[in-house]
Amino acid sequence: MRWFWIDKFVEFHSGESAVAVKNVTLAEEHLHDHFPGFPVMPECLLIEGMAQTAGILVGEAKKFQEKVILAKIKKCVFFDYVKPGDTIRLHAKIESIAPEAASTSGKITRDDKLIAEIDLMFSHIDQNLAGKEFPEENFVFTETFKLLMRGVVVSEQN
Amino acid sequence: MAISRDEIFQRVQEVLVDALGVDDDQITIEATLMGDLGAESIDFLDIVFRLEKAFGIKIPREELFPAENLMTNPQFVNNGKLTEAGLKELRTKMPHTDITKFEKNPDINKLGDLFTVGAIVNYLQTKVGSS
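Residue numbers (my numbering), protein chains in the order written: chain C, 1 to 158; chain U, 1 to 131.
Same shape as in the complex, but just chain C (with noise of 0.2 Å):
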């Protein structure tokens, strides 16, 4: 079991930016330990489910022929509470990206409302760390994360 905290892509326009949604329930056991008579989602749970948002918008830019792993959150403000029955929005944008690695940027929206801008950077970890061996077969986007695409249209860039 992969632990997913994005429901499904909305958006994906190939290697520029993507929206997934995200659908906060009460039956996510978790949320009734933080807080005990105040659930709120864990904010480092927010940051994974924008690293999942960025990350396979970046790998989806080299047709997934890379190992994409998160490598540093470079800014993560929270301006709201995310709370069950809530659903959020996270954009993903990206900055930058090189062979080696890449930089987004990227918000959680509920409605209108901005609930956390947080930017990250990836490694492409085939083209760092020389002298480590990967397994061969791609452990980051597995058959699980295409679930995640599904019913979305990839535009191509121009």
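No lab work stands behind these hints: they were computed from the structure.
All residues carry an ideal CB built from backbone N, CA and C; glycine is no exception.
Some clues are possibly wrong.
The calculated BS3-like cross-link candidates involving lysine-lysine, where the alpha carbons are at most 27 Å apart (straight line), are [said to hold, decoys possible]:
(1) C:Lys-67 - C:Lys-8
(2) C:Lys-67 - U:Lys-58
(3) C:Lys-93 - U:Lys-101
(4) C:Lys-74 - U:Lys-53
(5) C:Lys-83 - C:Lys-8
Restraint ranges, calculated between C-beta atoms of paired labels, are given here [stated by the list, open to error]:
(6) C:Glu-117 - U:Arg-5: 41 to 47 Å
(7) C:Asn-138 - U:Glu-7: 30 to 36 Å
(8) U:Val-17 - C:Glu-11: 32 to 38 Å
(9) U:Lys-81 - C:Pro-42: 21 to 27 Å
(10) C:Glu-28 - U:Thr-126: 23 to 29 Å
(11) C:Glu-136 - U:Lys-81: 21 to 27 Å
(12) C:Phe-134 - U:Ala-31: 31 to 37 Å
Some but not every residue of chain C turned toward chain U, in silico, with C-beta under 8 Å [unchecked claim]:
(13) Pro-42
(14) Lys-67
(15) Thr-87
(16) Ala-98
(17) Ser-123
Given the structure of chain C, go ahead and fit chain U onto it with the hints provided.
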């Protein structure tokens, strides 16, 4: 438009404050990126990306951080240290840098000590500076 050295330093300072989460008074011309400012390898790319935006130029990564490029080549790196071939390449790519201290223990984690804030400013001066 040519930019003065002071202006270049100021913009580099802003970039490094954001990229490395350090205070601006820590960023001196002599400060080393890894040793003094705590940069890790992914930060070098972050810095390149940010400098490109700050100065509106394209920076081939091997030009600004030539030694960084060595790390991705297994011929030059073995077991976390530069090989003889790697050291030779480093001497060619960084002719103006004194690497005698580094040669004694060519640990790739120490490569960053060869890079200083001043080196970035010098490089940018050749790209956008006034003569």
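Evaluation of the provided hints:
Taken as a hint, the C:Lys-67 and C:Lys-8 pair is honoured in the structure, with Cα atoms around 21 Å apart against an allowance of 27 Å. Of the pairs offered as hints, the one joining C:Lys-67 and U:Lys-58 holds, with about 25 Å between alpha carbons and a cut-off of 27 Å not exceeded. Under the criterion of a C-alpha separation no larger than 27 Å, the hint pairing C:Lys-93 with U:Lys-101 is inconsistent with the structure, at around 43 Å. Taken as a hint, the C:Lys-74 and U:Lys-53 pair is honoured in the structure, with Cα atoms around 15 Å apart against an allowance of 27 Å.
For a cut-off of 27 Å, the pair hint linking C:Lys-83 to C:Lys-8 stands: about 19 Å separates their Cα positions. For C:Glu-117 and U:Arg-5, the hinted distance range of 41 to 47 Å is not satisfied, since their beta carbons lie about 33 Å from each other. For C:Asn-138 paired with U:Glu-7, a C-beta distance near 44 Å fails the hint of 30 to 36 Å. Checked against the hint of 32 to 38 Å, the C-beta distance between U:Val-17 and C:Glu-11 comes to roughly 33 Å, which is consistent with it.
For the pair U:Lys-81 and C:Pro-42, the supplied restraint of 21 to 27 Å is violated, since their beta-carbon distance comes to about 41 Å. Checked against the given bound of 23 to 29 Å, the beta carbons of C:Glu-28 and U:Thr-126, roughly 54 Å apart, lie outside it. Distance hint check: the CB atoms of C:Glu-136 and U:Lys-81 are about 26 Å apart, consistent with the given range 21 to 27 Å. About 34 Å separates the C-beta atoms of C:Phe-134 and U:Ala-31, a value consistent with the hinted range of 31 to 37 Å.
Taking 8 Å as the C-beta contact cut-off toward chain U, the hint placing C:Pro-42 at the interface is violated, the least distance being around 22 Å. Below 8 Å, beta-carbon pairs count as interface contacts, and C:Lys-67 has none with chain U, the closest being about 14 Å; its hint is therefore violated. For C:Thr-87, the suggested interface contact is broken, since its CB lies about 32 Å from the closest CB of chain U, more than 8 Å. Because the smallest distance between the Cβ of C:Ala-98 and any Cβ of chain U comes to about 7 Å, under 8 Å, the interface hint for this residue holds.
Satisfaction of the interface hint for C:Ser-123 is found here, the shortest Cβ-Cβ separation to chain U being roughly 6 Å, below the 8 Å cut-off.
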